[in-house]
Amino acid sequence: MASIVSTPSLFHSHFLLFSTKPNPNSQPKPPFIPSPSTTHPELKQLLYHKSKVGFDKLDDALLVFDQMLRLKSGLSVVDFNQLLTALVRMKEYSVAVSMFREMRVLSIPVDIVTFNTAIHSCCHLNTLDYAFPLLAGIIKSGWVPDVFTYNTLIKGLLSQDRPLEAGDLFNKLIRFQEIQPDAVTYNTIIDGLCKTSNTSMALKLLRKMEEIGCNPDAVTYTSIIDSLCKERRVDQALVLVSEMTDKGISPDVITYSTLLQGLCSSGRWEDTERLLTEMGVRRIYPDLHTYNILVDAYCKEGRTTHAEDVIEIMIQKGVPPDSITYNALMDGYCLTGKMDRALEVLNTMRSNEIWPNYYSYNILINGYCKRQELDKAISLLRQMRVEGIKADVQTYSTIIHGLFQMGRHNEVDNLFLEMLKEGTKPNIVTCRILLDGLCKNRYMDEAISFFRVMECKGIVHDIQIHNILIDGLYKNGKLDEARNTFDKLASRGLQPDVITHNIMIRGFCQEGLFEEAKELLSKMETGICLPDAVIYNTIIRGSLLNKRYGEAVVLTENMRARKFSEDASTTSMVLDLLSKEEQDPSVLAFCKWFLQ
DNA sequence: ATAGGGTTAG
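Each residue of the first sequence is one higher than the one before, starting from 1 at the first, in full-length UniProt numbering.
Since the hints were made in silico from the structure, they are not lab data. You may find that some hints are simply not true.
In silico DSSO-like pairs for lysine-lysine, Cα to Cα no more than 27 Å straight-line [as the list claims (entries may be wrong)]:
| no. | residue 1 | residue 2 |
| --- | --- | --- |
| 1 | Lys440 | Lys376 |
| 2 | Lys230 | Lys300 |
| 3 | Lys44 | Lys72 |
| 4 | Lys140 | Lys172 |
| 5 | Lys208 | Lys230 |
| 6 | Lys91 | Lys195 |
| 7 | Lys52 | Lys91 |
| 8 | Lys421 | Lys376 |
| 9 | Lys440 | Lys475 |
| 10 | Lys547 | Lys488 |
| 11 | Lys247 | Lys204 |
| 12 | Lys195 | Lys208 |
| 13 | Lys518 | Lys478 |
| 14 | Lys580 | Lys523 |
| 15 | Lys52 | Lys317 |
| 16 | Lys195 | Lys172 |
Label-pair ranges, simulated between beta-carbon atoms [claimed, not checked]:
| no. | residue 1 | residue 2 | range |
| --- | --- | --- | --- |
| 17 | Leu106 | Ser351 | 44 to 54 Å |
| 18 | Trp593 | Glu418 | 57 to 67 Å |
| 19 | Leu164 | Ala490 | 16 to 26 Å |
| 20 | Lys91 | Leu69 | 19 to 29 Å |
| 21 | Thr526 | Asp462 | 44 to 54 Å |
| 22 | Asn441 | Arg371 | 20 to 30 Å |
| 23 | Asn441 | Ser572 | 22 to 32 Å |
| 24 | Glu455 | Val554 | 37 to 47 Å |
| 25 | Asp487 | Arg89 | 52 to 62 Å |
| 26 | Asn484 | Thr526 | 24 to 34 Å |
Small disclaimer: the values here were computed from a predicted structure and weren't measured. Heads up, the beta-carbon is just placed ideally off N, CA and C, and yes, glycines get one too.
Please construct the entire structure, taking both the sequences and the accompanying hints into account.
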């Protein structure tokens with residue numbers, strides 16, 4: 001009998017097909033049973049509760065939906081909205097969308113909240129294709145899109161990496177006065193600006209909010225504080241914290257966590273301690289996020305013992321660690337070369353019923369690859385398969401990278417094919433690894449044809465991968481093709497970076513085209529892509545290679561004037577010259593001048 | 001009953 005209640009009704013079993021969440025191999029909880037005699041008030045109370053916390057199991061939500069369809073007449077649109085909200089809480093977005101569709105088919109009354117919840121769910125799927133038709137659906141049904149609708153859509157566009165369209169929508173709303181944007185609207189746009197490295201524009205919009213009387217809140221400030229921290233402008237972030245406090249906007253646990261992350265990643269450990277004390281005084285208690293930030297920060301510093309201490313405190317304080325906590329810890333042990341300890345963490349996780357995910361395995365695989373223990377990395381990949389955890393692009397990319405570095409390039413082909421067969425698409429990083437591996441192992445023809453294929457698919461529109469190709473072409477003596485690729489960058493809309501320039505300057509010098517190298521350097525000196533120490537060293541070595549000792553002096557002076565200095569390979573080249581050509585007085589003079 | 005900010009590698 002128990003099997004009947006724990007099985008979803010046949011009618012709604014198709015929702016399960018759309019469930020985005022993997023079925024965890026955890027112990028089943030006792031099933032929730034809405035008995036046919038459940039009364040309206042009982043059901044309504046249950047829905048109210050579940051809309052706050054979500055159902056324990058998806059099946060329970062489906063059974064409730066069944067029950068609601070039977071009791072339809074006595075239920076209101078609010079009850080159905082609460083069910084959809086519960087699904088959103090459970091991150092079962094595709095189920096929510098399917099259920100919304102079902103409701104429409106069955107002519108169950110909906111309102112603007114139902115539509116907004118459905119749009120919100122669509123925005124969390126990997127496409128917005130259904131979100132905008134729903135906007136049209138609102139109008140067709142005689143409702144008016146409200147500020148929730150637009151805020152949801154703007155956020156959806158931003159999370160699908162479509163910031164321009166998000167900005168357009170925002171501007172349109174203001175221009176045509178469709179709705180009055182509220183603080184949430186501004187906060188969403190401000191966060192979008194921050195995450196596209198437009199922090200100064202975000203700050204301007206914050207001032208605009210104040211100007212028009214749409215008061216910024218803790219969320220507004222936290223977005224900008226986070227952005228400043230990530231740009232390593234922690235002191236400016238701290239200024240904003242005092243500004244918000246002065247205005248009576250209290251920093252909350254998220255603001256503090258954001259700052260904590262900023263302080264930790266710039267190594268300001270004393271300030272971190274002070275901040276944690278301040279949180280205690282203000283009775284703002286660290287949550288799971290906060291602790292995870294701390295654990296991760298300690299691990300990245302190699303202080304795994306401190307990380308273990310934090311985990312101990314978490315457990316004591318009733319904030320149990322999750323997979324992110326343990327993954328961070330495993331990464332810490334990998335970083336410090338303690339692979340055995342890292343594997344132990346995997347077992348600790350299992351015994352605490354926190355199931356390792358692909359991420360956990362990727363950390364271990366990366367650890368083994370770095371230690372050049374490729375066979376262990378590969379056996380973990382097999383273990384993933386046994387446990388039913390799907391490897392992702394990163395899993396494969398890491399191992400392919402490791403194989404190339406170990407000179408095991410003949411195994412790469414099979415692994416790459418295996419990846420494609422599993423339906424895992426290579427990304428730009430995979431392409432960089434493959435192209436670099438082919439070039440470094442002198443498979444230039446394969447490298448070029450691989451590049452062409454990637455070019456056709458439009459996934460190599462990136463300066464870094466061009467750098468790899470140009471470098472490979474030079475190192476394999478294909479000088480004309482290297483220059484050709486460089487010359488074509490602009491027409492492809494790509495901006496050469498310092499690395500491109502370094503490769504080209506080195507190439508020109510090796511070809512004896514010293515004038516061209518110099519021209520490229522002076523272009524850089526007047527442009528936006530300023531030469532760094534590496535560039536100067538490259539061209540100084542190039543000048544020596546071309547026996548242009550006078551120019552070597554000028555270049556060295558230029559470099560030193562910019563507070564850069566010679567590197568080991570330039571110095572050893574000079575020492576080499578000194579020992580070989582001591583009979584030539586101009587060489588001797590240069591070497592002595594350089595080394596003094 | 002619906003919208004916005006913080007944590008994970010190659």
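Results of checking the hints against the structure:
1. With a C-alpha separation of about 24 Å, the suggested pair Lys440 and Lys376 falls inside the 27 Å cut-off, and the hint holds.
2. Taken as a hint, the Lys230 and Lys300 pair is honoured in the structure, with Cα atoms around 16 Å apart against an allowance of 27 Å.
3. Using a Cα cut-off of 27 Å, the hinted pair Lys44 and Lys72 holds, with the two alpha carbons roughly 12 Å apart.
4. For the hint linking Lys140 to Lys172, the alpha-carbon distance of about 21 Å falls within 27 Å, and the restraint holds.
5. In summary, the hint linking Lys208 to Lys230 is supported, as the alpha carbons are separated by about 23 Å, within the 27 Å threshold.
6. Annotation: proposed proximity of Lys91 to Lys195 holds, straight-line Cα distance about 23 Å (limit 27 Å).
7. With a CA separation close to 13 Å, the supplied pair Lys52 and Lys91 stays within the 27 Å bound.
8. Pair hint Lys421 plus Lys376 holds up; C-alpha atoms about 22 Å apart against a cutoff of 27 Å.
9. Restraint check: the Cα-Cα separation between Lys440 and Lys475 comes to about 9 Å, which is no more than 27 Å; the hinted pair holds.
10. Annotation: proposed proximity of Lys547 to Lys488 is violated, straight-line Cα distance about 31 Å (limit 27 Å).
11. About 17 Å separates the Cα atoms of Lys247 and Lys204, which keeps this hinted pair within 27 Å; it holds.
12. Of the pairs offered as hints, the one joining Lys195 and Lys208 holds, with about 19 Å between alpha carbons and a cut-off of 27 Å not exceeded.
13. Pair hint Lys518 plus Lys478 holds up; C-alpha atoms about 22 Å apart against a cutoff of 27 Å.
14. Of the pairs offered as hints, the one joining Lys580 and Lys523 is violated, with about 34 Å between alpha carbons and a cut-off of 27 Å exceeded.
15. Distance hint between Lys52 and Lys317 is fulfilled; the C-alpha atoms sit about 23 Å from each other, no more than 27 Å.
16. At roughly 21 Å between alpha-carbon atoms, Lys195 and Lys172 fall within 27 Å of each other, so this suggested pair holds.
17. Separated by about 46 Å at the C-beta atoms, Leu106 and Ser351 satisfy the suggested range of 44 to 54 Å.
18. The given range of 57 to 67 Å is respected by Trp593 and Glu418, whose C-beta atoms sit roughly 58 Å from each other.
19. The beta-carbon spacing between Leu164 and Ala490, approximately 23 Å, falls within the hinted interval of 16 to 26 Å.
20. A hinted range of 19 to 29 Å for the beta carbons of Lys91 and Leu69 is consistent with their spacing of about 24 Å.
21. Checked against the given bound of 44 to 54 Å, the beta carbons of Thr526 and Asp462, roughly 26 Å apart, lie outside it.
22. Taking the beta carbon of each, Asn441 and Arg371 are about 21 Å apart, inside 20 to 30 Å as hinted.
23. About 27 Å separates the C-beta atoms of Asn441 and Ser572, a value consistent with the hinted range of 22 to 32 Å.
24. Here the CB-CB span from Glu455 to Val554 is close to 40 Å, well matched to the stated 37 to 47 Å.
25. Checked against the hint of 52 to 62 Å, the pair Asp487 and Arg89 passes, with Cβ atoms roughly 55 Å apart.
26. Checked against the given bound of 24 to 34 Å, the beta carbons of Asn484 and Thr526, roughly 25 Å apart, stay inside it.
Violated hints for the displayed structure, listed by number in ascending order: 10, 14 and 21.
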